Amino acid sequence: MPMERKRIVLFSGHYGSGKTNIAVNLAVEEKKKREKVAIADLDIVNPYFRSKDSMALFEENGIDFICSPYANSNVDIPALPQEMYAIVDKKDVFTVVDVGGDDRGALALGRLTPAILEENNYESLMVINGYRPLTRTPEDTVEVMREIEMASGIPFTGLVNNSNLGGETTAQTVLDSLAYAGEVSKLSNLPIVFTSVREDLLSELSGKIDNLFPLVLQKGAL
Amino acid sequence: MADKVLMKGNEAIAEAAIIAGCRHYFGYPITPQTEIAAYMAKRMPKIGGTFLQAESELAAISMVYGVSSCGYRVMTSSSSPGISLKSEGLSYLAGADLPALVVNVQRGGPGLGGIQPSQSDYFQATRGGGHGDYHMIVLAPASVQEMAELTVKGFELADKYRMTSMILADGTMGQMMEPVALDLKVNPAPEKPWATTGTKLSRKHNIVNSLSLVPEELESQNFARFERYKTVEENETMYEEYMTEDAEIIIAAFGIAARVSKNAINAARREGIKVGLIRPITLWPFPKAPFARAAKTAKAMISVELSMGQMIEDVKLASECRVPVTLCNRAGGMIPSPEQVLEAIRAAAKNGGNK
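Residue numbers (our numbering), protein chains in the order written: chain Z, 8 to 229; chain P, 148 to 502.
FYI, nobody ran anything at the bench for these hints, they're computed from the structure.
Please read all numbers here as calculations on a predicted model, not as lab measurements.
Idealized CB from N, CA, C, for every residue including glycine.
Hints may be right or wrong, so weigh each one.
Claimed, not checked - Taking lysine-lysine and the DSS-like style, the derived pairs with C-alpha atoms no more than 27 angstroms apart in a straight line are:
{"#": "1", "chain 1": "Z", "residue 1": "Lys39", "chain 2": "Z", "residue 2": "Lys13"}
{"#": "2", "chain 1": "P", "residue 1": "Lys463", "chain 2": "P", "residue 2": "Lys377"}
{"#": "3", "chain 1": "Z", "residue 1": "Lys193", "chain 2": "P", "residue 2": "Lys151"}
{"#": "4", "chain 1": "P", "residue 1": "Lys151", "chain 2": "Z", "residue 2": "Lys215"}
{"#": "5", "chain 1": "Z", "residue 1": "Lys193", "chain 2": "P", "residue 2": "Lys189"}
{"#": "6", "chain 1": "P", "residue 1": "Lys189", "chain 2": "P", "residue 2": "Lys151"}
{"#": "7", "chain 1": "P", "residue 1": "Lys332", "chain 2": "P", "residue 2": "Lys307"}
{"#": "8", "chain 1": "Z", "residue 1": "Lys40", "chain 2": "Z", "residue 2": "Lys98"}
{"#": "9", "chain 1": "Z", "residue 1": "Lys193", "chain 2": "Z", "residue 2": "Lys13"}
{"#": "10", "chain 1": "Z", "residue 1": "Lys39", "chain 2": "Z", "residue 2": "Lys98"}
{"#": "11", "chain 1": "P", "residue 1": "Lys193", "chain 2": "Z", "residue 2": "Lys193"}
{"#": "12", "chain 1": "P", "residue 1": "Lys463", "chain 2": "P", "residue 2": "Lys421"}
To be verified - If you want the footprint, here are the derived chain Z segments under chain P, 3+ residues with CB under 8 angstroms:
{"#": "13", "segment": "139-146"}
{"#": "14", "segment": "172-178"}
Chain Z on its own, in the form it takes in the complex (with noise of 0.2 angstroms):
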């Protein structure tokens, strides 16, 4: 991923498309470069799934963590955490937020969203997996982006491919992926800004799809 990122990258997409997996990797990759890092989750969606399970590797990358004080405890509400001000307050801090699902998740970055356009240094990316079952095609896709778009406030400005049939996914599944991802792209008039695949994937791709961004995958909470 050779592009210049901007100070806050937002991840949005349908729940499960891989937004926390990612949002990790980059948290981690970006840490590598600078100095101040933190990652934001924002998802009151799914509490099965979410960036707190990867705390220890945080702690030791030294990468700031901003979540709700409840999540995985007794009560797993859907709260905000008042620190989620860091994330437009610390302008010297490079910010990954983790957002919610599909549109409900959106919905919780609304808050923030004068915030992040007035300061307009952000990247908002959607991603995207042509694999999972209610994005399947570019056209419902682009429905649920809209969806997600109307409730937080913020216009995309890029797509992830981020398409894989999970454990059974070969640099094969990632090729048949890029013409969907290109109809969306068109569709929405947005840049693919990079291709996310497992780590163990990226030789065999490399040279064949532009901007590959290689992920180490986190346990989720099971």
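Since the structure of chain Z is provided, determine the placement of chain P on it from the hints.
Same frame as chain Z, now just chain P:
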């Protein structure tokens, strides 16, 4: 692109229900099964079906009763506390001999408990749950593909025997993502001459009811129902055997516990321990035959469960207590690790069947 899709277990259930011809879903959100309702909310309006978020679990199961009375394939889903709320309706469905599909993606209990996976509703599911003498067909998937396949199967069995089929999954099964092939074969719903579809002035009224005040009649209904249950036991029992041919130790496990157990069995086999797995796919009817068979040659059995030990009673009954049966378990939302199961296998191998 490939024919497979990457699905959560919950989504697989919802899509398979649609493939099976279900056009009516009534539910109420609860973790860890909410994706079923969310998926139906998205899909049903696009295919002319009905998604309705009821005001409560009780309302949802009563809507299922109504739609089933009209002869349509219908479903509801919930997680443990919500299934308790539906129990009255489950009993009414049984009393009215109505087919339906009910999904329980279990979480740790009792009470509100937690949101993490559990199998502690085994008794509730296999013994009926509500009041009165009745059974449900209880199906226990162990992969996302099976979540889809058993959903179709559940509708078919429900129609065939005029019973409720329950998918008894757990939070892991509901939330985990795996590739699924959706080219599922579906038998269309049979004729339902009992359904309340309008007489068109050409037949007598059909009445769907679970009230029967004449004891002689109610008794004969119960006898007839249990004759039907006997047929289900004879014809519809499903299970998987894994490395049981020469096994001296038999593990009994379903759902996520069976997957963990397979890993432990593979490790134990590398140590030279002869151990295999019997995985019930129908929890009711319980696959008694393979356990009875295994009890003749095995030295010990281990029931691996995400509960304080519920299926273990059926394992003991099926094996007629010929061999010692021990419990290897976690509860409250915890999952046994392969290492824990391996330890239990080693202990059983060392004791050679002596407790």
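Evaluation of the provided hints:
For the suggested pair Z:Lys39 and Z:Lys13, the alpha carbons sit about 16 angstroms apart, so the restraint of at most 27 angstroms is met. Among the hinted pairs, P:Lys463 with P:Lys377 is consistent with the structure: their alpha-carbon atoms are about 21 angstroms apart, no more than 27 angstroms. Distance hint between Z:Lys193 and P:Lys151 is fulfilled; the C-alpha atoms sit about 24 angstroms from each other, no more than 27 angstroms. Annotation: proposed proximity of P:Lys151 to Z:Lys215 holds, straight-line Cα distance about 23 angstroms (limit 27 angstroms).
Proposed proximity of Z:Lys193 and P:Lys189 is supported: the alpha carbons are some 24 angstroms apart, at most 27 angstroms. Straight-line distance between C-alpha atoms of P:Lys189 and P:Lys151 comes to about 20 angstroms, which keeps the hinted pair within the 27 angstroms bound. For the given pair, P:Lys332 sits about 16 angstroms from P:Lys307 by alpha-carbon distance, which is consistent with the 27 angstroms threshold. With a C-alpha separation of about 17 angstroms, the suggested pair Z:Lys40 and Z:Lys98 falls inside the 27 angstroms cut-off, and the hint holds.
For the hint pairing Z:Lys193 with Z:Lys13, the CA-to-CA distance comes to about 23 angstroms; that is within 27 angstroms, so the pair holds. Of the pairs offered as hints, the one joining Z:Lys39 and Z:Lys98 holds, with about 19 angstroms between alpha carbons and a cut-off of 27 angstroms not exceeded. Pair hint P:Lys193 plus Z:Lys193 holds up; C-alpha atoms about 24 angstroms apart against a cutoff of 27 angstroms. Simply put, P:Lys463 and P:Lys421 have alpha-carbon atoms about 20 angstroms apart, close enough for the 27 angstroms limit, and the pair holds.
Counting residues of the segment 139-146 of chain Z whose CB lies closer than 8 angstroms to any CB of chain P gives 4, so the stated coverage by that chain holds, three being the minimum. Given as covered by chain P, the segment 172-178 of chain Z passes the check, having 4 residues with a CB less than 8 angstroms from a CB of that chain where 3 are the minimum.
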